[in-house]
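Chemist: So you can see what is in the structure, the chains are spelled out below.
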Amino acid sequence: MGLVTRAPQGVELRGVEKRYGEVVAVRALDLEVRPGELVVLVGPSGCGKSTLLRLIAGLIAPTAGEVWIGGRRVDDVEPGARDVSMVFQSYALYPHMTVAGNLGFGLRVRGTPRDEIERRVAEAAAALGLSDLLSRRPGQLSGGQRQRVALGRAMVRDPGVFLFDEPLSNLDAELRLRTRDEIAALHRRLGTTMIFVTHDQVEALSLGERVAVMDRGRLQQVGTPDEVYRRPRNLFVAGFVGSPPINCIPLARDEGGRLVGGPFALHAPAGLDRATLGVRPEDLSLAGGGDGGDPTGAGDFRAAVLRVEALGSEQRVHLDGPGDAAWVARAGPSLRVAPGDRVRISIAWERSHLFGPDGRREEMAPRPMNRPASP
Amino acid sequence: MSGARPPALAALAAVVLAAGLALVLAIAAGRVQSVRVAAAEAEGRMAAALWEEAGGAQSGARAVGGLLGERATILGAGDGGDRAGAYAYEAGALDPAAWIAVEPHGADGLPGTLPGGALAIALAGAALVAGWAARRRRGPVSSRYPRGIALLSLGCVALAAAIAGRWADGELRSLSAATAARGAQAVELALAGGADPARAARVAHLPWAEDGALEATSEQWTMPAGVAAAIAASPDRAGQPAGAPYTVEADGATWHVAHAADVHLAFLGYERTASPALALAAAAALAALLVALALHLVQLAPRPRALRRMLAAWGLLAPAATLILAFTLGPLLFSLWISLHEWRLIDPAPLFLGLDNYAALLADGEWGSAIGNTALFTLHVPAAMAVALALALLTRGSRRAMRWARLALFLPGITSVAAIAVVWKWLLSDRYGLLNRGLERVGLDSVPWLTSPDTALVSLMMIGIWMVVGYQIVVFQAGLAAIPRDWYDAARVDGAGPWQRFRHVTLPGLRHTLFFVLVTSVIGSFQVFGLVYVMTEGGPLGATDVAVYHIYREAWEFLQFGNAAAMSWMLFAVVFAATWLHFRFLDTRRAHG
Numbered sequence: 001m002g003l004v005t006r007a008p009q010g011v012e013l014r015g016v017e018k019r020y021g022e023v024v025a026v027r028a029l030d031l032e033v034r035p036g037e038l039v040v041l042v043g044p045s046g047c048g049k050s051t052l053l054r055l056i057a058g059l060i061a062p063t064a065g066e067v068w069i070g071g072r073r074v075d076d077v078e079p080g081a082r083d084v085s086m087v088f089q090s091y092a093l094y095p096h097m098t099v100a101g102n103l104g105f106g107l108r109v110r111g112t113p114r115d116e117i118e119r120r121v122a123e124a125a126a127a128l129g130l131s132d133l134l135s136r137r138p139g140q141l142s143g144g145q146r147q148r149v150a151l152g153r154a155m156v157r158d159p160g161v162f163l164f165d166e167p168l169s170n171l172d173a174e175l176r177l178r179t180r181d182e183i184a185a186l187h188r189r190l191g192t193t194m195i196f197v198t199h200d201q202v203e204a205l206s207l208g209e210r211v212a213v214m215d216r217g218r219l220q221q222v223g224t225p226d227e228v229y230r231r232p233r234n235l236f237v238a239g240f241v242g243s244p245p246i247n248c249i250p251l252a253r254d255e256g257g258r259l260v261g262g263p264f265a266l267h268a269p270a271g272l273d274r275a276t277l278g279v280r281p282e283d284l285s286l287a288g289g290g291d292g293g294d295p296t297g298a299g300d301f302r303a304a305v306l307r308v309e310a311l312g313s314e315q316r317v318h319l320d321g322p323g324d325a326a327w328v329a330r331a332g333p334s335l336r337v338a339p340g341d342r343v344r345i346s347i348a349w350e351r352s353h354l355f356g357p358d359g360r361r362e363e364m365a366p367r368p369m370n371r372p373a374s375p
Numbered sequence: 001m002s003g004a005r006p007p008a009l010a011a012l013a014a015v016v017l018a019a020g021l022a023l024v025l026a027i028a029a030g031r032v033q034s035v036r037v038a039a040a041e042a043e044g045r046m047a048a049a050l051w052e053e054a055g056g057a058q059s060g061a062r063a064v065g066g067l068l069g070e071r072a073t074i075l076g077a078g079d080g081g082d083r084a085g086a087y088a089y090e091a092g093a094l095d096p097a098a099w100i101a102v103e104p105h106g107a108d109g110l111p112g113t114l115p116g117g118a119l120a121i122a123l124a125g126a127a128l129v130a131g132w133a134a135r136r137r138r139g140p141v142s143s144r145y146p147r148g149i150a151l152l153s154l155g156c157v158a159l160a161a162a163i164a165g166r167w168a169d170g171e172l173r174s175l176s177a178a179t180a181a182r183g184a185q186a187v188e189l190a191l192a193g194g195a196d197p198a199r200a201a202r203v204a205h206l207p208w209a210e211d212g213a214l215e216a217t218s219e220q221w222t223m224p225a226g227v228a229a230a231i232a233a234s235p236d237r238a239g240q241p242a243g244a245p246y247t248v249e250a251d252g253a254t255w256h257v258a259h260a261a262d263v264h265l266a267f268l269g270y271e272r273t274a275s276p277a278l279a280l281a282a283a284a285a286l287a288a289l290l291v292a293l294a295l296h297l298v299q300l301a302p303r304p305r306a307l308r309r310m311l312a313a314w315g316l317l318a319p320a321a322t323l324i325l326a327f328t329l330g331p332l333l334f335s336l337w338i339s340l341h342e343w344r345l346i347d348p349a350p351l352f353l354g355l356d357n358y359a360a361l362l363a364d365g366e367w368g369s370a371i372g373n374t375a376l377f378t379l380h381v382p383a384a385m386a387v388a389l390a391l392a393l394l395t396r397g398s399r400r401a402m403r404w405a406r407l408a409l410f411l412p413g414i415t416s417v418a419a420i421a422v423v424w425k426w427l428l429s430d431r432y433g434l435l436n437r438g439l440e441r442v443g444l445d446s447v448p449w450l451t452s453p454d455t456a457l458v459s460l461m462m463i464g465i466w467m468v469v470g471y472q473i474v475v476f477q478a479g480l481a482a483i484p485r486d487w488y489d490a491a492r493v494d495g496a497g498p499w500q501r502f503r504h505v506t507l508p509g510l511r512h513t514l515f516f517v518l519v520t521s522v523i524g525s526f527q528v529f530g531l532v533y534v535m536t537e538g539g540p541l542g543a544t545d546v547a548v549y550h551i552y553r554e555a556w557e558f559l560q561f562g563n564a565a566a567m568s569w570m571l572f573a574v575v576f577a578a579t580w581l582h583f584r585f586l587d588t589r590r591a592h593g
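From first to last, the protein sequence lines stand for chains S and F.
Note that our numbering numbers the first sequence so that position 58 is 58, with each residue one more than the last.
Note that our numbering numbers the second sequence so that position 125 is 125, with each residue one more than the last.
Note that these hints are calculated values from the structure, not bench results.
One or more hints might be untrue.
[Unchecked claim] Footprint (simulated), chain F over chain S, 3 or more residues, beta carbon under 8 angstroms: (1) 211–223; (2) 331–343.
[To be verified] Using C-beta positions, here's what the derived DEER-type ranges look like: (3) S/R73 / F/R503: 25 to 35 angstroms; (4) F/M310 / S/E309: 47 to 57 angstroms; (5) S/S169 / F/L293: 35 to 45 angstroms; (6) F/R403 / S/G46: 27 to 37 angstroms.
Because the structure is a prediction, the values reported are computed rather than measured.
Beta carbons are placed, not taken as given, at the ideal position from N, Cα and C, and that holds for glycine.
Take these sequences, add in the hints, and give me the full structure.
Modeler: Below is the structure:
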């Protein structure tokens with residue numbers, strides 16, 4: 001391929017903050033992206049992830065803190081001199097230029113010799129399957145083709161860091177999956193540092209080597225997809241990552257020193273008066289249909305089935321419980337339950353989480369007491 | 001289909017027919033009436049002139065009185081006496097013009113003459129009979145019956161138009177002959193009262209003849225040489241008693257002529273030149289429209305909902321459509337018609353010239369220089385656009401200062417042109433103007449801003465820029481706001497500097513806006529009038545004589561309405577061509593969606 005000849009660059013943010021008057025978009029944020037790494041910034045809309053990306057690109061200046069790219073402090077460096085390139089959600093293609101013109105724009109404004117521009121444009125076009133479209137204009141391309149041109153425009157410049165601002169959100173579902181795979185393949189092939197912004201946690205988990213979850217201008221957790229999913233640092237991360245979302249129920253300490261809520265009575269770690277129990281849908285197992293005997297295992301409970309979503313490879317069972325909550329369980333395709341059935345449900349306690357009143361996850365997994373609470 | 005339809009249809013057809021006939025007759029009658037009034041006015045002027053020539057003497061007064069008595073009956077307003085005298089006096093204050101009657105040949109060549117009308121009726125009848133026959137054979141045929149009615153109606157209207165045209169022609173011809181006779185009679189009366197014959201004729205602006213030779217000019221009118229020769233050679237001229245009108249065929253028209261006995265004075269009675277053909281054609285078109293409408297209504301009658309919707313639609317359209325017809329399309333067609341004639345507004349009737357006006361304009365140096373001045377003036381548009389774009393970029397944003405700046409820049413665009421022109425005229429005044437005083441204060445020579453042919457047009461162009469920039473800024477800013485921010489961000493990430501962003505993002509992003517502003521401003525520039533009218537009146541030495549001002553002067557100062565209308569249409573052609581070229585070579589919308 002020969003597209004990338006330069007070493008990938010690392011990105012480091014030190015105490016970066018961005019305020020718009022009273023509004024704080026990003027607050028005191030530290031993040032290190034290692035050279036060649038693909039990090040996904042994910043969070044709900046308005047969480048500051050796009051602002052963070054623009055801070056890295058240099059399109060906006062931080063109110064406080066430092067931005068380092070490739071071991072160089074770049075706070076005062078123009079975007080064009082930061083050795084980054086960016087793919088925009090809107091693709092930001094120039095409608096008056098051909099595909100070739102769009103691809104070569106970044107090189108042209110830098111005064112790259114014409115024959116080199118042509119060579120690199122041709123290489124990028126070949127890599128992305130755009131060779132036949134070079135003389136078209138963006139208005140004559142499909143959404144997927146435009147997306148590829150936007151990608152190619154970033155590649156042609158051979159940057160140290162790739163920035164992606166929700167590049168897939170304008171594609172239909174099928175094309176999004178395919179493009180996601182292509183970007184992952186591109187990353188493997190080029191080995192360039194990539195920072196990818198999305199609001200879609202599935203996209204984040206599938207694409208990122210590390211995932212940075214943001215909320216309200218703060219980094220909530222940075223870690224591998226597995227860490228973020230299995231060991232969420234707090235209730236927000238636990239709730240944001242995973243689909244269907246994690247099941248929760250509030251607990252409070254009773255006179256007996258137990259944490260109780262709904263049908264549950266748990267051993268209370270020291271100093272915890274209130275807490276939230278979090279259980280992933282796949283950590284609930286449903287025992288048969290019918291109305292079998294009383295729950296036998298510690299912490300098992302019974303609930304009525306409200307609705308069953310049969311998704312082929314799995315079923316999602318909506319429960320009327322525990323307590324006032326309405327949990328969703330993920331079950332295999334062979335389970336036979338129908339709305340109205342009462343089922344016995346047991347919980348994989350070792351994989352469940354207990355979150356303190358400040359939302360922080362307790363290191364210890366919740367432990368049920370043998371004697372169930374009164375219903 | 002329903003049994004009630006044929007009677008309803010017949011009633012509708014009758015109403016449409018009656019309306020069409022009434023319209024045609026009204027138009028013809030109106031035409032005759034307007035010519036009568038014009039004739040009376042011309043006579044009034046003539047009488048007043050003769051009265052003055054006779055020094056207000058008894059006989060002059062008698063001459064006038066004799067005429068005015070007649071005129072009073074023609075006008076049907078009051079009889080003789082003071083009122084008519086006052087009118088004559090007022091009319092005499094007007095600049096008297098020559099008048100002449102011309103009856104172009106083929107004037108009544110409307111297709112709807114008698115045989116044409118008869119043919120149409122026959123066709124319509126045949127269609128109707130065929131429709132009836134078809135209906136008999138194949139049961140109710142809803143579409144044929146209205147079609148037959150429509151054809152019949154059209155035929156009737158055409159016939160009526162033809163008859164009305166004939167009637168109007170006859171009326172006007174006799175009116176013309178009578179006027180010619182009275183003209184000769186009036187001159188004789190004036191002579192009997194002691195007026196000098198040559199002066200009497202001249203003051204009355206009559207071509208006159210002495211010793212058998214016709215003098216073909218008066219103060220304001222040149223008789224075509226062919227006409228003079230034809231009158232001189234006319235066998236009727238010798239045989240006619242004084243005051244008896246006769247006709248001479250010359251120059252493609254019929255001239256009604258009478259002469260006074262003692263002096264060989266020829267008096268040319270006037271007559272309509274505009275055949276009612278145009279009016280009748282319009283009436284026929286209108287009638288056809290009415291019939292088509294009626295037909296449509298008839299077809300919709302069985303479907304009340306569709307009928308209601310159509311009526312509602314037309315009801316809603318009617319006010320706007322009426323306005324457009326009355327104030328846009330009507331005047332447009334009228335000016336086209338005038339441009340084919342010589343018409344000085346005070347002429348009783350326009351003289352048909354065909355394309356002579358246009359041909360003459362092609363060789364008219366003054367008109368050519370007016371077009372050239374207009375083109376030069378239009379060069380201020382690109383300059384204004386550059387200034388406006390720069391200011392639009394400078395005053396972007398929502399800061400208070402920028403908003404005030406934009407308001408200030410926009411003010412000239414909404415201020416009356418007359419006010420602007422007056423203020424600038426003071427500012428640019430040679431000796432007292434603020435600008436020249438300022439120049440003198442800093443030790444420079446004053447500039448004859450508006451008084452030198454070298455600088456006047458440039459001064460106007462500068463004011464033109466100042467006036468149009470505010471509007472352009474507003475349009476440019478709307479265009480700038482429509483350029484996606486991502487384009488700028490992408491360009492910055494790609495390393496484009498401010499100039500490159502302007503060159504590769506702003507300009508291409510504004511191309512539709514630029515095109516729009518260019519086209520509208522060029523059109524506006526071609527129509528410049530107010531500035532010139534107030535500030536320079538086309539001077540000095542015609543340096544600022546732009547097309548519209550030239551047209552204005554041609555019409556309202558020289559009263560050459562035919563010429564002015566032809567100029568207007570030539571200007572339209574130029575603007576149209578310029579706009580077409582813009583669209584052809586600059587419009588990029590088709591290239592990418």
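Chemist: Are the hints correct? Go through all of them and say.
Modeler: For each hint, the structure was consulted:
1. Counting residues of the stretch 211–223 of chain S whose CB lies closer than 8 angstroms to any CB of chain F gives 0, which falls below the minimum of 3, so the coverage claim is violated.
2. Figure legend: the stretch 331–343 of chain S, annotated as covered by chain F; annotation inconsistent (0 residues with Cβ-Cβ distances under 8 angstroms, at least 3 required).
3. The supplied range of 25 to 35 angstroms is met by S/R73 and F/R503, whose beta-carbon atoms lie about 31 angstroms from each other.
4. Against the hinted window of 47 to 57 angstroms, the Cβ-Cβ separation of F/M310 and S/E309 comes to about 54 angstroms, which satisfies the hint.
5. Our hint of 35 to 45 angstroms for S/S169 and F/L293 is violated, since their Cβ atoms are close to 55 angstroms apart.
6. Against the hinted window of 27 to 37 angstroms, the Cβ-Cβ separation of F/R403 and S/G46 comes to about 29 angstroms, which satisfies the hint.
The structure does not agree with the numbered hints 1, 2, 5 stated previously, though it agrees with the rest.
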